[in-house]
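Turn these sequences into a full structure, and let the hints guide you.
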Amino acid sequence: MSYEDIDWGSIDTSNTSFINTIWLSKDASEMIIKTSIVLPVVILGIMGNILVIFILVKNPYIRTPTNLLIGNMAAADLLSLLLHPWVILTYDFFQNYQLGQVGCQGEGAMECSILIASVISMSVITYDRLTAIVLPKETRLNRKGAKIVMGVTWVVGILLSIPLVIYRTYKERQWLNFLEKYCTEKVLIINMYWYVIITVLVWLPLSIQLICYVTIFVKLNKYEKMLVRKLQHHRTSYKKRAAKMMFVIIVTFMICRLPFTALIIYRHQLIKVKQLSLSNDVRNQVNGIYHKLWFISKYLIFLNAAMNPFIYGRAFKATRLYKWLFPLRGNKLAATKPNEKQKSSDETSSKLFLIFRKKAKIQESATK
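1 is the number of the first residue of the sequence shown in the UniProt record's numbering; add one for each residue after it.
Where hints are given, some of them may not hold.
Unchecked claim - Within a straight-line C-alpha distance of at most 25 Å, the following computed DSS-like cross-link-like pairs (lysine-lysine) qualify: (1) K222 x K186; (2) K144 x K58; (3) K171 x K186; (4) K292 x K26; (5) K186 x K272; (6) K26 x K181; (7) K58 x K147; (8) K34 x K181; (9) K186 x K292; (10) K272 x K171; (11) K272 x K244; (12) K171 x K181; (13) K219 x K181; (14) K292 x K181; (15) K292 x K34; (16) K147 x K26.
Derived by calculation from the structure, the hints in this document are not laboratory data.
None of the values given here were measured: they were computed from a predicted structure.
Shown next as structure tokens:
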């Protein structure tokens, strides 16, 4: 009989002492430290995402297709911050799996579906920004289309998370001195599945962001000379702000999502050399480098969810609640009274995305 053919779950261990060290839960000091690291991020993220949703509910006039998608992403990020950090801490604090059969089959699928809904919304927001510059108004996403996309994000997320419901199982094993409780995954299927998930959660949205934002910046640079001379200083500063925004979005996404990709690849390598598990099921009780990478990658994912409202919330600059997300900038804007030249410059900035649909008219002005 080969190693893979052994049914480890059927072996009677009731007369054998537990093969690992029994520690039940981690030290209180470690729990406090990790909770202190997680809690501020969770509170700030929950407040930020609630504000984004509240702004959209109270200000119907700003419910543009892009802003509706930002609201959908905020709803997904809010759910993520309400649920996932505490699941992660429960995993980390206790030796045994504490969430039972329902938690084993449900929490992974729920986490996966919420994250997929968020990144699909993010990708569509990025593409909509590209179409606002490059394509005619008739080809852009309208409000009805945005609502359809919002529904699709959740349907796709739920469908892609179904394997985690089917191929995860909660098990208990009685040892002589310990009742072991753990959640398992079918390696042969789930291992391939996780590569699909990291493609959807990381590589696909990252590729879309890179392509769209690079295209936007190239277009801005290409048509810069078409603006009138008196607005030269303003358009240069706008290009710098646009480049800064693109840089922040892409780098933040990479920092927060690439460690999860590294986790899946490292996990696959451990499984191949049989260092992570004793059977064709993977037990969610590991230590060392894998566990540290697991905790960091999970932490960065909900850190990204907490940062999103402050990155994308600038779309609500026209509302009074903008100052709640950006108090320093909001107070500065409120205290400043622009002169006529500044007003003209601001009007041009707000219409920047019309440049390419009116380029003939601008070119004519530039030749005068």
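Now the hints, each set against the structure:
1. K222 x K186: The hint is violated at about 52 Å.
2. K144 x K58: 19 Å, holds
3. K171 x K186: Holds, at about 13 Å.
4. K292 x K26: The hint holds at about 14 Å.
5. K186 x K272: 14 Å, holds
6. K26 x K181: Between K26 and K181 the Cα gap is close to 16 Å, so the pair holds against 25 Å.
7. K58 x K147: 18 Å, holds
8. K34 x K181: 23 Å, holds
9. K186 x K292: Distance ~23 Å between K186 and K292 Cα, so the pair holds.
10. K272 x K171: 23 Å, holds
11. K272 x K244: 42 Å, violated
12. K171 x K181: 6 Å, holds
13. K219 x K181: With Cα atoms ~57 Å apart, K219 and K181 exceed 25 Å; violated.
14. K292 x K181: Given pair K292, K181 holds - Cα atoms ~21 Å apart, limit 25 Å.
15. K292 x K34: 12 Å, holds
16. K147 x K26: 45 Å, violated
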